[in-house]
Amino acid sequence: MAWVLSHLGDLWTLTLAHVGLSVPAIVLGFVVSVPLGYAASRSRIARAVLFTVGNILYTIPGLALLVLVPVALGIPILNPINVVIALAIYAIAIMVRSAADAFASVDADVRQSATAQGFSAVQRFWRVELPLAGPVLLAGIRVVSVSTIALATIGALVGIPSLGSFFTDAYQRAFPTEAVVGIVLVLVLAAVFDVLLTAVGRLLMPWNRRSSALGARVSAVAVPAHAGGR
Amino acid sequence: MSIEFRHVRKTYPDGTTAVEDFSITIPSHSTTVFVGSSGCGKTTLLRMINRMVDPSAGQILIDDEDVSGIEPVALRRRIGYVMQNSGLLPHRSVIDNVATVPVLTGTPKAKARQDALGLLDRVGLDRSLANRYPGQLSGGQQQRVGVARGLAADPNILLMDEPFGAVDPIVREELQQELLRLQREIGKTTVFVTHDIDEAFLLGSQVVILERGGRIAQTGSPQEILANPASDFVAEFIGAKRGKRRLTAEERGSGDDVLLVDAGGYPAGLISAPEGRITLAGTGPLSRSISNKTDQAGDA
Numbered sequence: 001m002a003w004v005l006s007h008l009g010d011l012w013t014l015t016l017a018h019v020g021l022s023v024p025a026i027v028l029g030f031v032v033s034v035p036l037g038y039a040a041s042r043s044r045i046a047r048a049v050l051f052t053v054g055n056i057l058y059t060i061p062g063l064a065l066l067v068l069v070p071v072a073l074g075i076p077i078l079n080p081i082n083v084v085i086a087l088a089i090y091a092i093a094i095m096v097r098s099a100a101d102a103f104a105s106v107d108a109d110v111r112q113s114a115t116a117q118g119f120s121a122v123q124r125f126w127r128v129e130l131p132l133a134g135p136v137l138l139a140g141i142r143v144v145s146v147s148t149i150a151l152a153t154i155g156a157l158v159g160i161p162s163l164g165s166f167f168t169d170a171y172q173r174a175f176p177t178e179a180v181v182g183i184v185l186v187l188v189l190a191a192v193f194d195v196l197l198t199a200v201g202r203l204l205m206p207w208n209r210r211s212s213a214l215g216a217r218v219s220a221v222a223v224p225a226h227a228g229g230r
Numbered sequence: 001m002s003i004e005f006r007h008v009r010k011t012y013p014d015g016t017t018a019v020e021d022f023s024i025t026i027p028s029h030s031t032t033v034f035v036g037s038s039g040c041g042k043t044t045l046l047r048m049i050n051r052m053v054d055p056s057a058g059q060i061l062i063d064d065e066d067v068s069g070i071e072p073v074a075l076r077r078r079i080g081y082v083m084q085n086s087g088l089l090p091h092r093s094v095i096d097n098v099a100t101v102p103v104l105t106g107t108p109k110a111k112a113r114q115d116a117l118g119l120l121d122r123v124g125l126d127r128s129l130a131n132r133y134p135g136q137l138s139g140g141q142q143q144r145v146g147v148a149r150g151l152a153a154d155p156n157i158l159l160m161d162e163p164f165g166a167v168d169p170i171v172r173e174e175l176q177q178e179l180l181r182l183q184r185e186i187g188k189t190t191v192f193v194t195h196d197i198d199e200a201f202l203l204g205s206q207v208v209i210l211e212r213g214g215r216i217a218q219t220g221s222p223q224e225i226l227a228n229p230a231s232d233f234v235a236e237f238i239g240a241k242r243g244k245r246r247l248t249a250e251e252r253g254s255g256d257d258v259l260l261v262d263a264g265g266y267p268a269g270l271i272s273a274p275e276g277r278i279t280l281a282g283t284g285p286l287s288r289s290i291s292n293k294t295d296q297a298g299d300a
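Those protein sequences? They're chains A and B, same order as listed. Residue 195 in this note's numbering sits at position 195 of the first sequence, with consecutive numbering throughout. Residue 53 in this note's numbering sits at position 53 of the second sequence, with consecutive numbering throughout.
One chain only, chain A, in its complex shape:
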């Protein structure tokens, strides 16, 4: 406890650094996955290709990816962008499947009826399919958020500061307290993100709040799909 109180500054700095790695990775993962997931939901071939590639990407060990990404992109290994991109790749690997499920969950009748009313393809995507895919997308992004925040700690292994720095430090100095503090902070951060995402979901999808049946279906579909993803 004394160590914690004397290092509050470090705790804060490293938490912010951790957020700085995780948030861009989650956002990037989401933005890339939505169109890919949409493609996967519309075409069987796209689905097969994207899911296979996603699975392969997900099996690459984290440390290997941190070494491969800078080589492939020609950026220094110590650049935080390196970690962000590696995390985004994992995020995409999980999220594409989730996004495909999300778009597949949109009622075919509603889609047809939107077409019949005179929505153009673009309007239908933004005004009908994307919002209706929202609940399953939200379930997916919550999984991605937790996994990204946990995974962001590996950046410490190549010298990018994050909450993972507590683990490397604890190991080097044989000081377990620091590792415990790191774990607790990661858990708290993951929980805070989850609460925030849920709140944003409720705000953006007021219609979903009132139909509990749909919500139940969403969590039933989305969660098991990713639990076995690794």
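Don't read these hints as lab results, they were simulated from the structure. Be aware that a few hints might be false.
[Claimed, not checked] Below, a sample of chain B positions facing chain A; criterion: calculated Cβ distance under 7 angstroms:
#1 Met52
#2 Tyr81
#3 Gly87
#4 His91
#5 Thr100
#6 Val101
#7 Leu104
#8 Tyr133
None of these values were measured; they are calculated from a predicted model. Glycine included, every Cβ here is placed at the ideal spot set by N, Cα and C.
Model the placement of chain B on the given structure of chain A, informed by the hints.
Below, chain B without anything else, positioned relative to chain A:
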């Protein structure tokens, strides 16, 4: 706004033929019903009118204009469409659902919502439902919203694909009566698809009975079809030889009334028969001049 089908054919890439060679003229300001069993191509035909489906051959003309030359999105916005299970957008409130097409065509949202309130009145929905989500409405209410949405852009043509197929019989009858009332008020060129011959005879000025592959078994007014079925298939389909449409005058009721019974011996209704003679109603719809009590009892 008459609609004409000219030798329309629809073959799917896998080789199945939904419609072989279909030609018909649908008169304006009245209701034409396509009726047939599932797989007769009736929904396919309906969807050709607003280009949800494009024919493999032949033409569809709206007021002599070939629809294949009209941009599909623009075409759909000027044609009302009501479907089974309403197809309402679950993430939009009732009022916004009704205002869908006017908003798409650029009407300011506030004005579109204001107009939509009037449409709720028109289809018999309470304005207090305006801000609910479709999921909070009963099936019958959702269908009414669906009809209101179909009418929102004040289209000349209204397409209805089994709109009352999924609601219970009592509500269905209510909705059918509402539609008849609406049709008397607004007189849209309506094309209605159903597999229910009773519904077809009730709503249609022109009824088109379809066999597999969109072959027309018979076209005519309900009276013409019932009086002169063109084939055994039609007679069988409309139940002219059996069941509740085959009525026999049984015995005297009170006064000049004669009791009618159906093929099952079930009392179907009464008909007035002064001095024992049944007088023909002339030009009126014979099939509906009978006070057909079992019809209503059966539907309820």
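TODO: Kindly indicate which numbered hints from before are broken by the structure, ordering the numbers from low to high.
DONE: Nothing - there is no hint that the structure violates, so all of them hold.
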